[in-house]
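S.K.: In the order they appear, the protein sequences are chains A and B.
Just so we're aligned, residue 1 is where the first sequence starts under full-length UniProt numbering, counting upward by one.
Just so we're aligned, residue 1 is where the second sequence starts under full-length UniProt numbering, counting upward by one.
FYI, nobody ran anything at the bench for these hints, they're computed from the structure.
Be aware that a few hints might be false.
No copy is singled out in the list; a pair is fine if it fits within one copy or between any two copies.
Unchecked claim - For lysine to any residue, the following SDA-like pairs were computed, each having C-alpha atoms within a straight-line distance of at most 20 Å: (1) LYS2 to ASP205; (2) LYS2 to VAL42; (3) LYS2 to THR195; (4) LYS2 to VAL82; (5) LYS2 to VAL237; (6) LYS2 to PRO221; (7) LYS2 to ARG225; (8) LYS199 to VAL138; (9) LYS2 to MET115; (10) LYS2 to PHE204; (11) LYS2 to ALA198; (12) LYS2 to LEU314; (13) LYS2 to MET229; (14) LYS2 to GLU233; (15) LYS199 to PRO221; (16) LYS199 to GLY209.
Being a predicted model, the structure only gives us computed values, none of them experimental.
Protein chains: 2
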Amino acid sequence: MKMLINVPETVVADGLRGLAAAHPELTVDPDTRVVVRRDAPVAGKVGLVSGGGSGHEPLHAGFVGPGMLDAACPGEIFTSPVPDQMVRAAAAVDSGAGVLFVVKNYTGDVLNFEMAAELAEDEGVQVTSVLVDDDVAVTDSTYTAGRRGTGGTLFVEKLAGAAAEEGAPLDRVAALARRVNDSCRSFGVALAACTTPAKGTPTFDLPAGELELGIGIHGEPGRERRGMMTAREIADVTVDAVVGDLRPDGPVLALVNGMGATPLLELYGFNAEVHRALTERGIAVARTLVGNYVTSLDMAGCSLTLCAADDELLRLWDAPVRTPALRWGR
Amino acid sequence: MKMLINVPETVVADGLRGLAAAHPELTVDPDTRVVVRRDAPVAGKVGLVSGGGSGHEPLHAGFVGPGMLDAACPGEIFTSPVPDQMVRAAAAVDSGAGVLFVVKNYTGDVLNFEMAAELAEDEGVQVTSVLVDDDVAVTDSTYTAGRRGTGGTLFVEKLAGAAAEEGAPLDRVAALARRVNDSCRSFGVALAACTTPAKGTPTFDLPAGELELGIGIHGEPGRERRGMMTAREIADVTVDAVVGDLRPDGPVLALVNGMGATPLLELYGFNAEVHRALTERGIAVARTLVGNYVTSLDMAGCSLTLCAADDELLRLWDAPVRTPALRWGR
């Protein structure tokens with residue numbers, strides 16, 4: 001597998017140097033591996049901190065900026081960041097209004113963010129954590145106890161980020177983040193496995209003519225393998241899995257997400273089938289985001305995340321955001 | 001090669017249905033294959049129309065909106081749109097102030113846009129065309145006489161789009177578009193070939209351990225094949241090719257572009273090396289855009305486009321834009 005890299009050992013640091021070069025509005029430290037919005041801490045504002053293994057870009061560093069995260073901590077590829085990164089990030093963004101940790105539900109992330117919360121509290125930073133576990137495909141896996149955190153993370157970070165930007169206090173931002181997580185469900189499909197720089201070969205074996213339903217963003221096993229399906233068939237299975245679990249009784253926000261290597265043209269075609277499938281099931285889509293947002297290196301495939309939306313969540317979704325990967329409004 | 005599609009024959013139409021579903025601010029007709037900003041024609045404003053073969057998404061339809069294109073005409077995969085699409089687009093966006101066709105330099109596109117310009121003029125629409133030919137890799141190829149149009153298209157569409165949005169008349173928008181094209185140079189590198197839905201197998205053969213320098217966005221041959229190189233080495237070759245031809249005497253705008261399947265983490269790492277190489281050559285980068293903007297389906301690799309910028313071009317770059325793929329400012 002050929003990669004556009006120097007050596008596997010420096011992939012994350014090189015990526016952070018490149019992020020710094022492209023985005024002077026962020027403070028990026030490739031050594032301590034903390035990415036912070038340049039104007040942090042913002043007076044009176046709750047700080048939002050997230051992080052996780054690298055390889056899912058633009059998640060999380062690409063979501064740092066006004067209206068979303070105040071800081072992100074990238075770990076090694078598919079490996080949790082360490083507590084030291086999170087403590088530094090918390091200190092950098094705390095204005096005195098406290099800090100919310102947004103934690104995807106993987107065992108390593110959960111343990112490290114817990115330890116970091118204790119250390120940060122020792123340093124006088126008030127920390128609340130919220131767990132993201134939106135993936136309906138499996139409970140418990142190689143990486144998790146309970147459900148995995150995937151595309152729902154984008155909604156938690158965007159919507160809680162908007163609430164924090166408006167000046168909501170920590171308990172309200174945390175409650176909103178939990179409500180958003182409870183309102184989100186995801187399901188992913190892989191057509192081809194990803195290859196990590198360190199390993200150099202695909203992380204799992206997916207034969208020609210087969211796909212895997214319910215895949216995780218690290219290539220963790222899903223629900224089942226099937227013979228290749230059409231976009232229409234994949235959309236029906238995916239929508240059924242998400243809707244069957246979420247059971248929305250109003251409009252939804254939709255993220256039609258690419259795993260990394262699937263062309264945007266195909267993602268838009270898949271989005272057409274997702275909208276068709278949702279319409280057939282009587283579900284209205286209020287907003288749709290199509291693109292590569294929560295990826296798995298060069299995995300081919302897609303995932304769908306739906307977030308049941310009320311007027312407050314819609315308003316927060318439309319609120320201005322200014323990050324490398326998500327940007328609209330003022 | 002597994003794809004997230006229904007059947008090859010409907011890939012373009014399915015993608016347009018999905019674009020329509022995600023972007024109600026665009027008028028998308030999957031049958032006539034014309035994508036128009038919903039508020040067109042804008043009174044007194046020059047209309048910008050572009051188009052070309054599909055498979056390069058988000059180019060061009062993803063660049064339709066205030067501050068950039070008024071309309072786009074997607075052809076079949078890697079195939080020019082037909083004059084009828086362009087004439088419809090011109091009629092839809094002409095406010096009486098005339099229309100600018102932005103044409104990438106491929107033989108089919110050039111002939112069809114020429115014919116469309118004549119037909120539109122017959123219908124009373126004043127049309128000026130500008131050719132984009134920014135690729136320094138080769139002159140003349142399977143698809144072109146002269147240089148190919150690639151990443152420079154994004155700069156022509158953004159900067160001329162901003163000028164049109166400000167109310168500049170047709171002759172000035174056209175002159176600016178030509179000046180931007182003259183200020184842009186690109187060079188691309190492929191690590192792996194792309195696969196078209198119709199063919200189902202890679203468009204060319206690139207052995208393990210080799211890359212192709214100077215590749216086109218349809219997999220046209222480049223300058224040479226070499227054994228695999230590091231990101232640092234690729235950046236040096238790429239920057240030398242672009243800078244040696246452009247010879248900028250001031251700051252540049254940089255597009256570090258993914259061909260489709262290369263992970264964003266790798267693109268950012270490559271951006272770090274591009275910035276290092278430019279700094280070593282005494283060239284300042286005023287703005288950097290990193291991501292998949294002018295793609296070649298699932299090709300792995302990257303391209304670099306530099307645009308020599310003066311104060312006017314910088315101001316137009318920073319001007320608000322609101323399209324599916326490029327969005328900032330108000």
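S.K.: Regarding LYS2 and VAL82, is the shortest C-alpha distance of 20 Å or less found within a copy, between copies, in both, or in neither?
M.R.: Close neither inside one copy (29 Å) nor across copies (37 Å); limit 20 Å.
S.K.: Up to 20 Å between alpha-carbons, please classify LYS2 paired with ARG225: within, between, both or neither.
M.R.: Answer is between: at 14 Å across copies they meet the 20 Å cutoff, but 27 Å inside does not.
S.K.: Reference check for the pair LYS2 and ASP205, CA-CA at most 20 Å: within, between, both, or neither?
M.R.: Both ways: LYS2 and ASP205 sit 18 Å apart in one copy and 14 Å across, limit 20 Å.
S.K.: At most 20 Å between alpha carbons: which applies to LYS2 and VAL42, within, between, both or neither?
M.R.: Answer is neither; intra-copy 42 Å and inter-copy 47 Å both fail.
S.K.: Tell me, please, which holds for LYS2 and GLU233 at an alpha-carbon limit of 20 Å: within, between, both or neither?
M.R.: Close across copies (14 Å), not inside one copy (32 Å); limit 20 Å.
S.K.: Can you give me the call for LYS2 and VAL237, within, between, both or neither, at a CA distance of at most 20 Å?
M.R.: Intra 33 Å, inter 18 Å, cutoff 20 Å: inter-copy only.
S.K.: I want to check one pair: LYS2 and THR195. Are their C-alpha atoms no more than 20 Å apart within a copy, between two copies, both, or neither?
M.R.: both (10 Å within a copy, 17 Å between copies)
S.K.: For LYS199 vs VAL138, is the C-alpha pair at or below 20 Å within one copy, between two copies, both, or neither?
M.R.: This pair counts as neither: shortest intra-copy Cα distance 25 Å, inter-copy 36 Å.
S.K.: Could you figure out if LYS2 and MET115 sit no more than 20 Å apart (CA to CA) within one copy, between two copies, both or neither?
M.R.: Cα proximity of LYS2 and MET115: none, with 38 Å in one copy and 43 Å across.
S.K.: Could you place LYS2 and PHE204 in one of the four classes (within, between, both, neither) given a Cα distance threshold of 20 Å?
M.R.: Result: close both inside a copy and across copies, 17 Å intra and 16 Å inter.
S.K.: Under a CA distance limit of 20 Å, which applies to LYS2 and MET229: within one copy, between copies, both, or neither?
M.R.: between (28 Å within a copy, 9 Å between copies)
S.K.: Checking an output row: LYS199 and PRO221, CA cutoff 20 Å. Within, between, both or neither?
M.R.: For LYS199 and PRO221, the Cα distance is within 20 Å only inside one copy (18 Å; across copies 30 Å).
Going through the hint list in order, the structure does not satisfy hints 2, 4, 8, 9, 12.
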